[in-house]
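Engineer: Going down the list, the protein sequences come from chains Y and L.
Going by our numbering, the first sequence opens with residue 6, and the numbers climb by one from there.
Going by our numbering, the second sequence opens with residue 79, and the numbers climb by one from there.
Hints listed in this document are in silico derivations from the structure and should not be mistaken for laboratory results.
Note that CB positions come from ideal geometry on N, CA and C, so glycine has one too.
Misleading hints may appear alongside valid ones.
Going by beta-carbon spacing under 8 Å, a handful of chain L positions derived as facing chain Y [as the list claims (entries may be wrong)]:
1) 130
2) 150
3) 151
4) 155
5) 156
6) 157
7) 159
8) 165
9) 166
10) 167
11) 176
12) 177
13) 181
14) 184
15) 296
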Amino acid sequence: MSVPPVDPALPAGTAAIERTGAPLVSPGASSTLLPIGTDASTDAVTPPPRQGVGERLRWLGRHLRREWQLYVLLAPTIIWLLLFLYKPMYGLQIAFKDYSIFRGVAASPWIGFEHFHTLFGSDQFLRALKNTVIISFYSLLIGFPVPILLALMFNEVLNKTFRKSAQTIVYLPHFISSVIIAGIVITAFSPSAGVINTALGWFGIEPIYFLTKPEWFRPIFIGTGIWQEAGFQSIVYLAAIAGVSPTLYESAVVDGASRWQMMWKVTVPCILPTIIIMLIIRIGSILEVSFEMIILLYQPATYETGDVVNTFIYRQGIQAGQYDFAAAAGLFNAVVAFVLVVAANSISKRYSRTSLW
Amino acid sequence: MTGVRLEKLVKRYGDVQVVHGIDLEVAEKEFVVLVGPSGCGKSTTLRMIAGLEEISDGTLSIGERKVNDVAPKDRDVAMVFQNYALYPHLDVAENIAFGLRIRRVPKEEITRSVTEVAAILGLTDYLKRKPADLSGGQRQRVAMGRAIVRHPAVFLFDEPLSNLDAQLRTQMRAEIKRLHTRLGVTSVYVTHDQVEAMTLADRIVVMSGGRIEQVGTPMELFMNPVNLFVAGFIGSPPMNQLKATIVAGADGPEAVLGSKACIPLPAAEGLHAAIGQDVILGIRPEDVLLDGDGERNRVPIELELVEPLGSEALVHGLVDGEPFVIKTDTYGDISHLQRITRFHVDAARVKVFDAASGAALYRADGVAGQARGQILDKARARAPDTARLSLPETSRGQA
Chain Y
6 MSVPPVDPAL PAGTAAIERT GAPLVSPGAS STLLPIGTDA STDAVTPPPR
56 QGVGERLRWL GRHLRREWQL YVLLAPTIIW LLLFLYKPMY GLQIAFKDYS
106 IFRGVAASPW IGFEHFHTLF GSDQFLRALK NTVIISFYSL LIGFPVPILL
156 ALMFNEVLNK TFRKSAQTIV YLPHFISSVI IAGIVITAFS PSAGVINTAL
206 GWFGIEPIYF LTKPEWFRPI FIGTGIWQEA GFQSIVYLAA IAGVSPTLYE
256 SAVVDGASRW QMMWKVTVPC ILPTIIIMLI IRIGSILEVS FEMIILLYQP
306 ATYETGDVVN TFIYRQGIQA GQYDFAAAAG LFNAVVAFVL VVAANSISKR
356 YSRTSLW
Chain L
79 MTGVRLEKLV KRYGDVQVVH GIDLEVAEKE FVVLVGPSGC GKSTTLRMIA
129 GLEEISDGTL SIGERKVNDV APKDRDVAMV FQNYALYPHL DVAENIAFGL
179 RIRRVPKEEI TRSVTEVAAI LGLTDYLKRK PADLSGGQRQ RVAMGRAIVR
229 HPAVFLFDEP LSNLDAQLRT QMRAEIKRLH TRLGVTSVYV THDQVEAMTL
279 ADRIVVMSGG RIEQVGTPME LFMNPVNLFV AGFIGSPPMN QLKATIVAGA
329 DGPEAVLGSK ACIPLPAAEG LHAAIGQDVI LGIRPEDVLL DGDGERNRVP
379 IELELVEPLG SEALVHGLVD GEPFVIKTDT YGDISHLQRI TRFHVDAARV
429 KVFDAASGAA LYRADGVAGQ ARGQILDKAR ARAPDTARLS LPETSRGQA
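Bound conformation, chain Y alone:
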């Protein structure tokens, strides 16, 4: 396609219209033809290609003058992000310093990777890391599918009253404070008056001290997490199911699909992108085991299986006052989470065309 000549009198970046009514052409973009009637001032939206810094700054000025209302709306979020998420990152440097609370962040001397050497030489940290990975893995393996199954089950319940009641019941634990949840769990598993041990007693089983036995900590913790959050997490999948076009089901009905077949051949594949997004998010937080629930449920007797990186950081940083050492552990946590998210996103993008970015 031939490119009509551009009027040199026009400012750079401004599109020109041929007198003959031919398409609009942006200078410097010979293959980009815009239809007649396109706003000739589109340069305010798209930065001019291949221009100098001065020209780009002038474009930015014009753009800001034109769209300032949008930036005003955006400002509170940007300020919040800068203040509470980016500014604290300044303190991350203490992971590489011999930090003293009296000298402050800037004046503390650099010691390189010493804290990291100590960290990986610490049995306690390695144990916490192992526990974190094991608890996260099982939480993911068992806990991740539960909300999906719940959503699929809710979707199949035709009686509205029953469905709403069931949904309310499973959403409820999410709104209860973790302290109360932990209280309920501790009471339920109590060897003297707990409902679990009472029930076991009916079968002649001796009371088990569940919360002091390391082998029971992980199942109880993972089960509690599922009970507390699965219902609420199912809302995301219910919303995804609601977004599936009803004609896909109608088409499947005419094709002869049963409800079971529709669930597995229509619903699940259609909400798969949502499942993958949620999985990427979960993988990103694989080292972020629910800190407060662990703190509330564990005790020295169950450190062996219950102490995780976050509780280790808490004990070392806050209780023992080793802020620099705890910062190193925290930074390690964040780097691993970042690598996991990027990896999961890339894999998902490659194989399922679904990704966070």
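Model the placement of chain L on the given structure of chain Y, informed by the hints.
Structural biologist: Quick look at chain L alone, frame taken from chain Y:
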């Protein structure tokens, strides 16, 4: 025989009745198009045939079998939806094969059927593509492929071309027509586009307000609409409607417009109108003469706009203050159309409708005998003392 028969079919949602006992018989291999404006009940009727809506009352038979309570999968019907209803996670081949896989058809047979259908629809090169990678027309072909591959007794189409652009719609329309000719499967097709209805249908069913207004071949509906609704719906641009009053002229009855223009009504069998009766004259945009001569049939028009369409043009204007459209050949020039101040009506083609009820008063073939009888009764009741006009049988076939 695998026709479809609807007897007194009713659909109610709670207290609201949306389909009011319709009767229709679709013959084997026939292509019937249900057409009407939004909310007229055409899609609901189609969905009742498919089994996607429960039938509130009446009987639905496919072939010789009553299927009111038969599950959709056992009705031996296949449906093509407006938004294609393709599974986004399956490729073209898997989408086409979906119904067969559900029915546990052997793999070799599925492969053979899919290959065959893909060849018919020109999809062979796209079998491994996902719906997202296809154009609108290709998606619609996949949707049709999914219906064809099952070899159903009846095809149901629910506005399948509505999501396509004008050019693609014309192309796909022709493909559907070719496909029907080739496969010869009984088809029920729903659309709100009268051009689609005219071009595809063996018979058209015009619906309005949950009732059937008229059933007939496209040309029957075009030439002999039973009421103003059908007259206004079939034909593009729609039939012009002018208010007039019947008077007795020297050579027979005449219709006088508000502008005092006088149009002698064509003499034909079965015009039942009374002197002094208010009527609506239906004049097709193409039944207008611009080079006519004489005082009779001459109607003044206030020109508003000329729309050139190439070989023909649409002239928009006002007659008696009402919009009026003329469709005329341009002969490569529209300058003469800019000076129009009057036109002549091809009186033999004028349709006459009762102003109060909208029913046709003028029919030559008796297709809408019942409707005509009803309107006759109404006309007589309103003007018992006026003389009934009996017209000589001269222009048969035109009215």
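Engineer: Does each hint hold? Answer for all of them.
Structural biologist: Hint-by-hint comparison with the structure:
1. Checking residue 130/L against chain Y: minimum C-beta separation of about 5 Å stays under 8 Å; hint holds.
2. Evaluation of the residue 150/L hint against chain Y yields a held restraint, the C-beta minimum of about 5 Å falling below 8 Å.
3. The interface hint given for residue 151/L holds, since its Cβ lies 3 Å from the closest Cβ of chain Y, which is under the 8 Å cut-off.
4. Against a cut-off of 8 Å between C-beta atoms, the interface hint on residue 155/L holds, since the closest Cβ of chain Y lies about 7 Å away.
5. Given hint, residue 156/L at the interface with chain Y, holds; its Cβ is 7 Å from that chain's nearest Cβ, closer than 8 Å.
6. This hint holds: residue 157/L has a C-beta 5 Å from the nearest C-beta of chain Y, less than the 8 Å allowed.
7. For the restraint placing residue 159/L at the interface with chain Y, the shortest Cβ-Cβ distance is roughly 5 Å, inside the 8 Å limit, so the hint holds.
8. Among the interface hints, the one on residue 165/L holds; its C-beta lies about 6 Å from the nearest C-beta in chain Y, closer than the 8 Å criterion.
9. The closest approach between the C-beta of residue 166/L and any C-beta of chain Y is roughly 7 Å, which is under the 8 Å cut-off, so the hint is satisfied.
10. Hint status for residue 167/L: holds, given a least beta-carbon distance of 4 Å to chain Y, under 8 Å.
11. Among the interface hints, the one on residue 176/L holds; its C-beta lies about 6 Å from the nearest C-beta in chain Y, closer than the 8 Å criterion.
12. At its closest, the beta carbon of residue 177/L sits 4 Å from a beta carbon of chain Y; the interface hint therefore holds under the 8 Å criterion.
13. Below 8 Å, beta-carbon pairs count as interface contacts, and residue 181/L has one with chain Y at about 6 Å; its hint therefore holds.
14. Taking 8 Å as the C-beta cut-off, the interface hint given for residue 184/L is violated, the closest approach to chain Y being about 16 Å.
15. Among the interface hints, the one on residue 296/L is violated; its C-beta lies about 28 Å from the nearest C-beta in chain Y, farther than the 8 Å criterion.
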